[in-house]
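The listed protein sequences correspond, in order, to chains E and Y.
In terms of the working numbering, the first sequence opens at residue 1 and continues consecutively.
In terms of the working numbering, the second sequence opens at residue 1 and continues consecutively.
In short, the hints are calculated from the structure, not lab data.
Remember, predicted model here, so these are calculated numbers, not experimental data.
Treat the hints with care, since some could be wrong.
What the hints assert, rightly or not - One-sided and incomplete, this derived list gives chain Y residues near chain E with beta-carbon spacing under 7 Å: (1) I26; (2) N32; (3) Y58; (4) P65; (5) P67; (6) K201; (7) K205; (8) V207; (9) I235; (10) I268; (11) L269; (12) S271; (13) A284; (14) G285; (15) F287.
What the hints assert, rightly or not - The following label-pair restraints were derived from C-beta to C-beta distances: (16) Y:K72 / E:L695: 35 to 43 Å; (17) Y:S63 / E:Q623: 26 to 34 Å; (18) Y:G78 / E:A560: 44 to 52 Å; (19) Y:S99 / E:Q623: 39 to 47 Å; (20) E:I619 / Y:D143: 53 to 61 Å; (21) Y:E298 / E:I814: 50 to 58 Å.
To be verified - Restricting the straight-line Cα-Cα distance to at most 25 Å, the calculated cross-link-like pairs of lysine-lysine (DSS-like) are: (22) E:K185 / E:K200; (23) E:K482 / E:K200; (24) E:K552 / E:K474; (25) E:K903 / Y:K59; (26) E:K613 / Y:K288; (27) Y:K72 / Y:K288; (28) Y:K216 / E:K903; (29) E:K160 / E:K185; (30) E:K887 / Y:K24; (31) E:K757 / E:K807; (32) E:K903 / Y:K24; (33) E:K257 / E:K365; (34) E:K495 / E:K770; (35) E:K200 / E:K580; (36) Y:K254 / Y:K216; (37) E:K716 / E:K770; (38) E:K903 / Y:K288; (39) E:K397 / E:K269.
C-beta atoms are modelled at their ideal positions from N, C-alpha and C, and glycine is treated no differently.
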Amino acid sequence: MKNYLATLVLFVFFQAFSQENNTKISLSFENSSIENVIKIIEEESNFHFYYVEEWLGVDLVSGSYTNVTVDVLLNVLFEGTLLNFYISNDNKIILTQNNSIYDTLPDGFFNESLSPPTSTEIPEKEIVNAPVFFNEANTSDRKSIETIRIGKENKNDIRKQFTLIGNIKNALTGEPVPSLALLVKGKKIGAVTDADGFFKLELPSGINLIETNSLGFETIQKRVVIYNDGRLDFGLNEAVEGLMEVVIKANVDRNVKEVNTGTIQINVKEIKNIPLVLGERDIFKVAATLPGISTAGEGAAGFNVRGGKTDQNLVLLDDGVIYNPAHFFGIFSAINPFTSNEVTIYKGNIPAKFGGRLSSVFDIKTKDANIEKFSGEASIGPVTSNIALELPVIEGKAGILVGGRSTYSDWILRSLDEEELNKSKANFYDVVLKYNHKLNDNNSLKATGYYSRDAFSITSDSLYKYSNRMVSLKWNHDFNLKNSGSLGITNSQYKFNIDFDRQTNTDFDLGYSINESELKLNLKYKPNDRHTFNYGLSSKLYNVEPGKVEPKNSESIIEALSIPDERGLESAVFVSDVFKINDKLTLDAGIRYSIFAALGASAQRIYQEGLPKSEGTLIETQQFGSNEVIETYSSPEVRVSARFFMTPSFSVKGSFNTNYQYIHALSNNTTVSPTDTWKLSGINIKPQHSNQYSLGFHKNFSDNTFEASIEGYYKKTEDILDYKVGAQLLLNETIEREVLQGDGRALGVEFLLKKTKGRLNGWLGYTYSKSEVRLDGSFAEERVNNGEFFPSNYDKPHDFSLVGNYKLTRRYSISANFVYQTGRPVTVPVGNFILNNSEFVLYSDRNSFRIPDYYRLDISVNIEGNHKIKKFAHSFWNISIYNVLGKNNPYSVFFVTENGQVKAYQSSIFSIPVPTISYNFRF
Amino acid sequence: MGIRKTYSLLILGSSLVLINGCVKEIDLNTENFESALVIDAVITNELKTQEIALSRTYKFEESEPNPEIDAKVEVIEGNTAYQFEELEPGKYVSVIEFSAISNKEYTLHITTSNGRSYISTPTFLTQETEMDNLYAIRETNDDGINGMSMYVDTFDPTGSSKFYRFEYTEMYKIVAPRWVPLDAVVTGDLFPDCNVELVPKTEEKRVCYGLVESNKIIQTSTDGLQEDRLSRFLIRFVDSESYWSTYRYGIVVKQFVRSNEAYNYFEILNSFNVSQSLFSQSQAGFFKGNMVSEVNPEEKVIGFFEVSFVSSKRLFFDYEDFYPNETPPLFPSGCIELFPALLIVSPDHVGRCGSLITGIKLNSIVFYDHNNSYMRPYLMLPRACGDCTALGSNVVPEFWID
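Extracted from the complex, chain E is given alone in its bound form (with noise of 0.2 Å):
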């Protein structure tokens, strides 16, 4: 901890972070090879080695040291053969024949500008002895170069440039190889592939040498006669050692270069190491770790992030909407670690492609089958156990990906002696199914399903009963190199069903649906360097079953209601541009127009203007057919992010953002249920609608090593929905006499430090918000706390995350995170009054005062199987302890009448530190 602390402080003095790698080594040899050297070395000092034997040959070496760093000895012990080396920070060195490799790239890298190649001739031997950058590159073998021709010469050509295009492949996967650098030696030419592995490079005609550079593969050279415009495709092998550095290290930077505002990456590999609640791993718990991104209290579902409310939140699973992503009230989450690839949150600017929500996006995609090879993960835990199973179907092409988790609670509660409990009953499971196909270069078919379901009862004669399904199905296309796009179709439900059985005449079935369907056209267009377009357009049909109540027996005397369905068309087309303005200055400009079509058939209550809606200022209800257009919003949104580069290193963004929301959750709760119920505007229900602006400014220090970034937002919303005190959401025909719409405005600061490398890494994040509600109308019962603003349910100033890892050896790790948030607001009794003879109580204002502030610390150790090579499966144990302080964080407080008395009850979700082992292992 003290060095961490450390760690920091010199952080914040922006002071350089230099490792030590000039360790001193003695040590003398004779007759041995550089394997043993090798050996030699890493027993006496604590470098590892990364190579491949046969590089090192069978050539004998002799020598003595004393007192020398290791830098110089390799240099030595290399000298005269192919093999270069690089010493990385955490003291590892890693050999590569014939290329170095380089941490630092030379200026001007990335910088567009480069001037047009002026020679269109220039002799091979000038390329060969000409190193592009660092002159340490030494001695390497070039006779093993290949040349290539491309194109027909044509004597009438008067050109002195061709353009030469290309696409580079995995050449063990076939997947692309993005973000890959291609330079022309002694050209200064170079072009980097972009996330499909396509690259461009305006060559001179005649002999070019182009070597390819990226950290994860093989340096590899080709001569390239060019004598006419053409193409070059080729595939790379993977660089020896380290894949997972290597994808870090590619998107070292992408927190500063990232031009959309408050945009966050989740890889789903790297969260293993945080504390588990219950043995389970969990994207968005992660999430709320991250500033901006909050929940209501322990346990709870949904999300508020930047102090919107949980029903503004877009979850894609695959482009599929998870309408209730959280198993067991929020204490899982519903989306399986295993089968999760990666996550971006947007909570800033939403780039244009995406709609119909206010606060933010959680884009979560579902990992690709590998098509090489049979693979699997699975965990063991004490409440659930989960498996992921990639399964080849046709090499090199298809896959499939299932994953499933699953709970034996039930079990347990069966096997307790405790009457009230093994009554109850507690079980959910999710299970993912994923196929990839890749039919060829240019067409890629991904389908995914998706099925949660949980049940549940806390009393022993009700049982709740809700699911999520999702399939969602997408073509990938390439029309060349400047166009492609996708074409995806999805499908989701939410239902829940409460099942009321005591055995009375009273017995009912309760239940819930909404279903969409959504058909999206996305596509690109890449004319050149500086632009990259975005647009399409998008159609969603809801359909939603409000609710109906059926007895569930003859003898029931609970009367057969339905709320009569809602149907809506969302529609959207959207545009956007990625200009690169200049080196420095990128704009990403969108603009989205949506359109919403409440349809029927039904019928709308028509009330008089300017009045409350009751039943007394009814005029009349109207009736619609099936399909009719009841009633149309419409709305262009402006989506604009600019990113601006001070240095290399440090950017500044800013973005102004407008969002409109069509359909909006009831709860009356404070917290996210699983009996909330989705409501679609209409003629009495307005869409809700927000502004947004960010400012923030991102630094990287000491190699990427910390990431430092401070983003400030204000954001006004408008027609959210609250409702009146008291409010009957659930199966009420009438709910826009229950609702209220009001205003919102939220403003904040988020400061997050991440450390990414090293034996100590993690983050600190704090946020300090505010975020607020005014509910006004020239009614008394429109009004809240007389139509002044005040804090919403989920407003925490204070939000400060500390998560941290340390690497103790190569197999134990401890990981810790601390939790500090400020109590969030209630509404509490103020005083007792008798009316008409039975005794109430008087509550405050609305959000008037606030529980007790939350604070939680977890830790957990992580131990890694062994490293055998051959080893058929690599495992780790996870041991955690959550809440280990054994803080009685308050949940909730609400208040109870008994026998006339009025009572305070706390209650709290975990009391006491719980602890958890779980088995992990992956093959």
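Dock chain Y against the given chain E, drawing on the hints supplied.
Leaving out everything else, chain Y in the frame of chain E:
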């Protein structure tokens, strides 16, 4: 600790956490106390001195509301102002008898002693719908308990009443089962002068009556039903094990036809008093009735001025009517025979008066018979066995019918 044990503890811990969470009672503090005027005002169609009660909210540790005294209260209808006078602290009654009449507009005006004035929104008498029927049925209820259910039937053919509230007053006869005409009184309680004498009872202690008023809001709505009809609406259930029905039981039920707004107001109040689930809470808060401060419209004023059509019915039955040939339920405590000592002398000759003296002085035991012992002269019983005032009042209730 063995692995097995750890494992099972873990599972137990996890599942308890999952199912129960942790709920504990916390102290309500009164730092946040807010004082607000509470108006309990229902004017009815009955010709009588109408009553309005004014009080203020009270702190949680207090047991009684504080009456709002010295207020000026009047109900205005057209050009008529019905004045109210304070009969007892906080209880205001109209100076003259009057009844609310349909299609007339009534407003309530209150000026408190600190000069603040409050006014209600204009209110009309609700639909004139009489209660059709009040009846009792012996049955086993949903909780599996056998007893008497008191039901109401009401029907409004015009379909405009819709919202009903009920109040009831229950009364029951109590007969002291082992009543004797003599009472034991203490005439000396200082050792060694410990004396008890028997005197004839001077007041009625054999037959008494219990009187209990409803203490929760009973209201219902026929909104959404095909007809404005209440049938078999349960007002009250009396367990057959209860001594209330041992002899004779009676109930007077008042039916108020309520306005939609008043119904909603109390429906919301009621909803806050229902125990809430661990994981979800209703949005509580203050909400206005139809009374508003004329000085500061944002002042919290509690209560709803109602002009209600009221009708009432009463019902009486004897135990034998519904429980023929069954043994009536016992008294709450049973009648244990006691032989308490008059005085007690310990081995070191220090003495004191015994529990006979203290029991009589505390009014917890009554005389039943003589006992042939100097130290323990009487057979005594728990008070209720010989003195019915232990459980009720010896005054016959106003509505009682034998």
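Taking the hints in turn, this is what the structure says about them:
no. : hint                        : verdict
1   : I26                         : holds, 5 Å
2   : N32                         : holds, 5 Å
3   : Y58                         : holds, 5 Å
4   : P65                         : holds, 5 Å
5   : P67                         : violated, 11 Å
6   : K201                        : violated, 35 Å
7   : K205                        : violated, 30 Å
8   : V207                        : violated, 27 Å
9   : I235                        : violated, 14 Å
10  : I268                        : holds, 3 Å
11  : L269                        : holds, 5 Å
12  : S271                        : holds, 5 Å
13  : A284                        : holds, 5 Å
14  : G285                        : holds, 4 Å
15  : F287                        : holds, 4 Å
16  : Y:K72 / E:L695: 35 to 43 Å  : violated, 60 Å
17  : Y:S63 / E:Q623: 26 to 34 Å  : violated, 56 Å
18  : Y:G78 / E:A560: 44 to 52 Å  : holds, 47 Å
19  : Y:S99 / E:Q623: 39 to 47 Å  : holds, 45 Å
20  : E:I619 / Y:D143: 53 to 61 Å : violated, 46 Å
21  : Y:E298 / E:I814: 50 to 58 Å : holds, 56 Å
22  : E:K185 / E:K200             : holds, 16 Å
23  : E:K482 / E:K200             : holds, 10 Å
24  : E:K552 / E:K474             : violated, 42 Å
25  : E:K903 / Y:K59              : holds, 12 Å
26  : E:K613 / Y:K288             : holds, 16 Å
27  : Y:K72 / Y:K288              : holds, 22 Å
28  : Y:K216 / E:K903             : holds, 17 Å
29  : E:K160 / E:K185             : holds, 18 Å
30  : E:K887 / Y:K24              : holds, 14 Å
31  : E:K757 / E:K807             : holds, 11 Å
32  : E:K903 / Y:K24              : holds, 10 Å
33  : E:K257 / E:K365             : holds, 22 Å
34  : E:K495 / E:K770             : violated, 33 Å
35  : E:K200 / E:K580             : holds, 17 Å
36  : Y:K254 / Y:K216             : holds, 14 Å
37  : E:K716 / E:K770             : holds, 12 Å
38  : E:K903 / Y:K288             : holds, 23 Å
39  : E:K397 / E:K269             : holds, 24 Å
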